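S.K.: Residues per chain, in single letters:
Number of protein chains: 4
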Amino acid sequence: MTQAQFEPKDPGYAQRVRDSFALQGAMGTIGAALGNIAPGEVEILLDWAPGLTQQHGFLHAGVVATALDSACGYAGFTLMPGDTGVLTIEYKINLLAPARGQRFRMVGQVVKPGRTVTVTEGRAYAIDDGREKLIATMGATLMTITGRQDVKN
Amino acid sequence: MTQAQFEPKDPGYAQRVRDSFALQGAMGTIGAALGNIAPGEVEILLDWAPGLTQQHGFLHAGVVATALDSACGYAGFTLMPGDTGVLTIEYKINLLAPARGQRFRMVGQVVKPGRTVTVTEGRAYAIDDGREKLIATMGATLMTITGRQDVKN
Amino acid sequence: MTQAQFEPKDPGYAQRVRDSFALQGAMGTIGAALGNIAPGEVEILLDWAPGLTQQHGFLHAGVVATALDSACGYAGFTLMPGDTGVLTIEYKINLLAPARGQRFRMVGQVVKPGRTVTVTEGRAYAIDDGREKLIATMGATLMTITGRQDVKN
Amino acid sequence: MTQAQFEPKDPGYAQRVRDSFALQGAMGTIGAALGNIAPGEVEILLDWAPGLTQQHGFLHAGVVATALDSACGYAGFTLMPGDTGVLTIEYKINLLAPARGQRFRMVGQVVKPGRTVTVTEGRAYAIDDGREKLIATMGATLMTITGRQDVKN
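Residue numbers (this note's numbering), protein chains in the order written: chain A, 1 to 153; chain B, 1 to 153; chain C, 1 to 153; chain D, 1 to 153.
Rather than coming from a laboratory, the hints here were simulated on the basis of the structure. Computed from a prediction, not measured in an experiment: that's the story for all the values here. Accuracy of the hints is not assured; some may be wrong.
[What the hints assert, rightly or not] Taking lysine-lysine and the PhoX-like style, the derived pairs with C-alpha atoms no more than 25 Å apart in a straight line are: (1) D:K112 to D:K9; (2) D:K112 to A:K133; (3) B:K112 to C:K112.
[Unchecked claim] Heads up, incomplete: computed chain B residues facing chain D, CB under 7 Å, no partners named: (4) L23; (5) E90; (6) T141; (7) I145.
[Unchecked claim] So the derived label-pair ranges between C-beta atoms look like this: (8) A:G12 to B:G51: 25 to 31 Å; (9) A:E7 to B:I127: 42 to 48 Å; (10) C:K112 to B:F6: 23 to 29 Å; (11) A:K133 to D:N36: 27 to 33 Å; (12) C:N36 to B:I127: 31 to 37 Å.
Glycine included, each C-beta is placed from N, C-alpha and C at the ideal position.
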């Protein structure tokens, strides 16, 4: 994926992503960590663990999707104004290959930012014995939420 | 959803679902349990927990998707022959409302079974103070895997 | 599909759907006609024609999608206020079987109406020698557009 | 989109795409033409016409989807063996902006080819007064069909 250049509306976008991420219990449970944060792009890193597997011992598709959805959501969030929240309207994930590996890298990118609706794409990679392989693609649609105290990050 | 009537190819379909489910570390991690299992339909139940939340304290969309994807996958699996495995090719989820509640119920149903490709639909409900509310819909496409030792459940 | 009961905001919803439909050149080109119109549900009917085929002589998936997308979009439109327009944000279609038949019936239904975002589902049926068969399912997400002269139906 | 390098299994892949395209009545009806054909990538071109519009006079989303689905399907077809056919299992389209323009360009690319299942992505562009603008993205899943006389292109 080559990434378009975007201008963030809020210069504190990276800290805002980190603050929101820290509030997600689910990210701690799966051991996900934030990687690179840039305007319109967020990376999430994750290690394999026995509590994250499907029946064949690979990373569960739901875990891949959880981390990739977060990468897409935060990619969109980097371009939203300071006093807003972000909700995922929908996403679609294609699972291209079994999530076999020791470490995983998810990258979310904004395709088109919008005042109300933002469209993003994501790619998940498995790192298996040092080789990185594309294992999933996602398309996610986000909504910017304004003026709601319960959804402001 | 009204459910079509399907004839399972393997009379031991319910046990096969239970055996496979027990192998999924991720289901244990999120505290998911199997509910009703019928030909072409599987229910999964889940309690809210602090380790499963997004930044607003609701159930994380990824957790909803993980459980709903499993319900859809196992719904398809009930109709597959005995010596096969199931993989999710892709799914799409629409998040209709915040996953606010104490308990959650996911139902997966087969729309069309096929020799190679099976199409399913799922619905996730939040149970909040005793009232059940539709919070997500899913469409998932599955593949029947035959003759691979590493994917046979 | 069983359909939830919805209360239209605009009692003239059916005429509004007919007026908008009549403006769609593409509906005339493929020979689509409106069938039943109810709050939250719209039916579209279509005949097979040689100009609508894919390479095997069946109805082209794009034609199935075009009619089904319209059925979903107008299903959502029946529940929107009088002075608004509707745009499709995204849809996903699963093609379950070749679109073999003489006549086709598409049904769109609202799953969850919203002030900004409405989620719908659709089913396409082929009528082949008098027997109706499910050939496609759709999930479509719509946006209500307010206060734009260029998008008000 | 940057494109991975793929090796076609059938050196006559481009002619095979042209032969199949010529059989699609729907492509003639909407006035679509093949552009560039490369291993894993196909381009389709289209002019605006009054019979292809939605209610606001823009190109109908269904027409955009029809052409984009064909671009994705043929992109996958370029990498399939000579004696096979291609069917679309499902696709999802995000409509990013109204399809306003005089000419349209759709590009389909293979993300991951497979023996049975191939995953592709597509982008649709509107050319309006000489400026090209991204108006839609697609993710499409294809199936290779072998040994069926009724589906061999």
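S.K.: The structure should be examined with respect to each hint, and the outcome stated for every one.
M.R.: To see whether the hints hold, each was checked on the structure:
Our distance criterion of 25 Å between C-alpha atoms is met by D:K112 and D:K9, whose separation comes to about 15 Å. For the suggested pair D:K112 and A:K133, the alpha carbons sit about 11 Å apart, so the restraint of at most 25 Å is met. Distance restraint check for B:K112 and C:K112: the Cα-Cα separation of roughly 24 Å lies within the 25 Å cut-off, and the hinted pair is therefore satisfied. For B:L23, the interface hint is violated, since its Cβ never comes within 7 Å of a Cβ in chain D; the closest pair sits about 24 Å apart.
The beta carbon of B:E90 is positioned within 7 Å of a beta carbon in chain D (closest approach about 6 Å), and the interface hint is therefore held. With a least beta-carbon distance of about 6 Å to chain D, the hint placing B:T141 at the interface is held under the 7 Å criterion. For the restraint placing B:I145 at the interface with chain D, the shortest Cβ-Cβ distance is roughly 10 Å, beyond the 7 Å limit, so the hint is violated. Take A:G12 and B:G51: their Cβ atoms lie about 28 Å apart, and the range 25 to 31 Å holds.
For the hinted restraint 42 to 48 Å between A:E7 and B:I127, the CB-CB distance of approximately 44 Å keeps it satisfied. Restraint check, C:K112 to B:F6: a C-beta distance of roughly 28 Å satisfies the suggested window 23 to 29 Å. The supplied range of 27 to 33 Å is met by A:K133 and D:N36, whose beta-carbon atoms lie about 28 Å from each other. The supplied range of 31 to 37 Å is met by C:N36 and B:I127, whose beta-carbon atoms lie about 34 Å from each other.
In the structure shown, a violation is registered for the earlier hints numbered 4, 7, in ascending order.
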